[in-house]
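Peer 1: Residue-level listing of the chains:
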Amino acid sequence: MQTFSKDEIKRYSRHLILPEVGISGQRKLKDASVLCIGIGGLGSPLSMYLAAAGVGRIGLVDFDLVDYSNLQRQILYSTVDVGKLKLEVAAERLRALNPEVEIVQYNETFNSRNALKISSDYDIIADGTDNFPTRYLANDVSVLLGIPNVYTSIFRFEGQATVFHSKEGPCYRCLYPEPPPPGMVPNCAEGGVLGILPGIMGTIQASEVIKLILGVGKPLIGRLLLLNALDMSVREIHTYKDPECPICGERPTIHELTDYEKFCGVNVGSYNNELESDWIIQPEELASEIIKNPKLSLIDVRNPPEWEICNLPNVHLIPEQELPSRLNELDKNDDIVVYCKSGVRSSRAVMMLKVAGFKRVRNLNGGIQAWSEKVDQSIPKY
Amino acid sequence: MRMSIKILLYGNLASIAGISSTNIDANTVSQLLDALAIRYGEVFREKLYDSNGKPRRFINIYVNGKDYRFLKKSDTEIFPNDEVSLIPAVSGG
Numbered sequence: 000m001q002t003f004s005k006d007e008i009k010r011y012s013r014h015l016i017l018p019e020v021g022i023s024g025q026r027k028l029k030d031a032s033v034l035c036i037g038i039g040g041l042g043s044p045l046s047m048y049l050a051a052a053g054v055g056r057i058g059l060v061d062f063d064l065v066d067y068s069n070l071q072r073q074i075l076y077s078t079v080d081v082g083k084l085k086l087e088v089a090a091e092r093l094r095a096l097n098p099e100v101e102i103v104q105y106n107e108t109f110n111s112r113n114a115l116k117i118s119s120d121y122d123i124i125a126d127g128t129d130n131f132p133t134r135y136l137a138n139d140v141s142v143l144l145g146i147p148n149v150y151t152s153i154f155r156f157e158g159q160a161t162v163f164h165s166k167e168g169p170c171y172r173c174l175y176p177e178p179p180p181p182g183m184v185p186n187c188a189e190g191g192v193l194g195i196l197p198g199i200m201g202t203i204q205a206s207e208v209i210k211l212i213l214g215v216g217k218p219l220i221g222r223l224l225l226l227n228a229l230d231m232s233v234r235e236i237h238t239y240k241d242p243e244c245p246i247c248g249e250r251p252t253i254h255e256l257t258d259y260e261k262f263c264g265v266n267v268g269s270y271n272n273e274l275e276s277d278w279i280i281q282p283e284e285l286a287s288e289i290i291k292n293p294k295l296s297l298i299d300v301r302n303p304p305e306w307e308i309c310n311l312p313n314v315h316l317i318p319e320q321e322l323p324s325r326l327n328e329l330d331k332n333d334d335i336v337v338y339c340k341s342g343v344r345s346s347r348a349v350m351m352l353k354v355a356g357f358k359r360v361r362n363l364n365g366g367i368q369a370w371s372e373k374v375d376q377s378i379p380k381y
Numbered sequence: 000m001r002m003s004i005k006i007l008l009y010g011n012l013a014s015i016a017g018i019s020s021t022n023i024d025a026n027t028v029s030q031l032l033d034a035l036a037i038r039y040g041e042v043f044r045e046k047l048y049d050s051n052g053k054p055r056r057f058i059n060i061y062v063n064g065k066d067y068r069f070l071k072k073s074d075t076e077i078f079p080n081d082e083v084s085l086i087p088a089v090s091g092g
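Protein chains in written order, with numbering that gives the first Met the number 0: chain A, 0 to 381; chain B, 0 to 92.
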């Protein structure tokens, strides 16, 4: 049984005098282990509050480096940390916050090969990842190991939070049996996110973890909390265990981890797969064609706020979602090049134009980001 | 026209429609989805339905907080003052 030093008694005094926590609750926290999958926007406040609360062992899985674009919301990191390994910075920060807790670092992607092995050392996993394949993976790990998965995810101004615990309620597959087709739901890098939002949601996630450990209150099992920061509304939806769920239903067909990228239709660099090579143009080729062919028509399918950050000269701005209703602004016989930030949205736009009967349309491979890297470095990356 | 069902849109559906709450007149979930697709255009329709014309599985539809999959799916009847939420999966972190 864990005992507490004088310093720990002082450190946790505000917990210790709470009837719902007390010495016995604080002991449960010290005995507990939690795996934080991803230490970005959600994982920052999550891991900081877990460390501050005295959760005995905290595992961190991440392989990324700190980028300038993280600093608007990932509060574990400072400007001086840009370029460093997130895991190293986070572990140091959390140990400084509370040297009493053990921080375990996993400098790897969370994948089908290592996920069960890593997670089996923990009482609870907390999913703060940023992509669908890893979210399905975290779910399956939680169901197969029989441990709760405290879940939050975010989009622009909206957050979703729940606790998946298949022994007592639905799992992620009960709620969302199928992932969206690739590109159908923008992530934070594509759609933007209010920096404070992961702060709110990661803190809710930490509260749920602490409640589960303490065994107090009413966890978000079977309840999906929806928060909209724009009108600051909070709603609750009841979620149900699906008897036909392929992993936690009555006749499960999934008994081990599978290939989640395949399940989600994700394959790195695959966004151009549907386009034949003559429907794709490299940034360097475009640079020389712009000079040779004054009739070349350039279309930017990003959103206006992105256009304000950077754009190419003499370009027609038609956001992807307006394209179907604005085809009349374009000539089907024109030689057209479409671009977006990284080439994903524009590949869909090229497909749409191709289907609509446009003769010569090409996708700028890698988007304006690749243009910035390979042609004009004065264009900022965002 | 009677605009009786309250619709709450989440995620990208709200972004495309440019609105997170609206009213619409319909008797079933399938009528309601059709009416939304007509009102908010082709891109909204494409987000809502797959290539077979079925509502996409990553968008959960709740009638008064109950998942329509566990009711009568697209045939679920809806009545004046009902509240229907369309909630897509999101993955940001």
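Treat the hints loosely; a few may be bogus.
Claimed, not checked - Quick list of simulated restraints, FRET-style, between CB atoms:
| hint | chain 1 | residue 1 | chain 2 | residue 2 | range |
| --- | --- | --- | --- | --- | --- |
| 1 | A | V233 | B | D81 | 19 to 27 Å |
| 2 | B | N26 | A | Y67 | 49 to 57 Å |
| 3 | A | D258 | B | A36 | 30 to 38 Å |
| 4 | B | R56 | A | V354 | 18 to 26 Å |
| 5 | A | I290 | B | A36 | 22 to 30 Å |
What the hints assert, rightly or not - Partial list, derived from the structure: chain B residues whose beta carbon lies under 10 Å from chain A:
| hint | residue |
| --- | --- |
| 6 | S3 |
| 7 | L7 |
| 8 | Y9 |
| 9 | A36 |
| 10 | I37 |
| 11 | R38 |
| 12 | D49 |
| 13 | D66 |
| 14 | S73 |
| 15 | T75 |
| 16 | F78 |
| 17 | P79 |
| 18 | G91 |
Just so you know, these hints were derived from the structure itself, not from any lab. Note that the Cβ used here is the ideal one computed from N, Cα and C, for glycine as well.
Peer 1: A separate judgement is required for each hint: does it hold in the structure or not?
Peer 2: Outcome of the hint check:
Hint check: V233 (chain A) to D81 (chain B), Cβ distance near 21 Å, so the stated range 19 to 27 Å holds. About 52 Å separates the C-beta atoms of N26 (chain B) and Y67 (chain A), a value consistent with the hinted range of 49 to 57 Å. About 33 Å separates the C-beta atoms of D258 (chain A) and A36 (chain B), a value consistent with the hinted range of 30 to 38 Å. Checked against the hint of 18 to 26 Å, the C-beta distance between R56 (chain B) and V354 (chain A) comes to roughly 24 Å, which is consistent with it.
Range check, I290 (chain A) to A36 (chain B): about 44 Å between beta-carbon atoms, so the 22 to 30 Å window is missed. For S3 (chain B), the shortest C-beta to C-beta distance to chain A is roughly 20 Å, which exceeds 10 Å, and the interface hint is violated. At a threshold of 10 Å, the smallest CB-CB gap from L7 (chain B) to chain A is about 8 Å, leaving the interface hint in force. Hint status for Y9 (chain B) relative to chain A: holds, with the closest Cβ pair at about 6 Å, below 10 Å.
Proximity of A36 (chain B) to chain A is violated relative to the hint, the smallest CB-CB distance being about 13 Å (cut-off 10 Å). Contact between I37 (chain B) and chain A, as hinted, is not supported at the beta carbon level, the nearest pair being about 13 Å apart and thus beyond 10 Å. Annotation: R38 (chain B) was flagged as interfacial toward chain A, and the flag is violated, the nearest CB pair being 13 Å apart, outside 10 Å. Here the hint on D49 (chain B) is kept, as its CB sits about 8 Å from the closest CB of chain A, short of 10 Å.
Using the Cβ-Cβ criterion of 10 Å, the hint placing D66 (chain B) at the interface with chain A is satisfied: the shortest such distance is roughly 6 Å. With 10 Å as the threshold, the beta carbon of S73 (chain B) stays out of range of chain A, its nearest partner Cβ sitting at about 16 Å, so the hint is violated. At about 15 Å, the closest approach between the beta carbon of T75 (chain B) and any beta carbon in chain A exceeds 10 Å, and the interface hint on this residue is violated. Hint status for F78 (chain B) relative to chain A: violated, with the closest Cβ pair at about 19 Å, above 10 Å.
Here the hint on P79 (chain B) is broken, as its CB sits about 21 Å from the closest CB of chain A, past 10 Å. Of the supplied interface hints, the one on G91 (chain B) holds, with its beta-carbon coming within about 4 Å of a beta-carbon of chain A, less than 10 Å.
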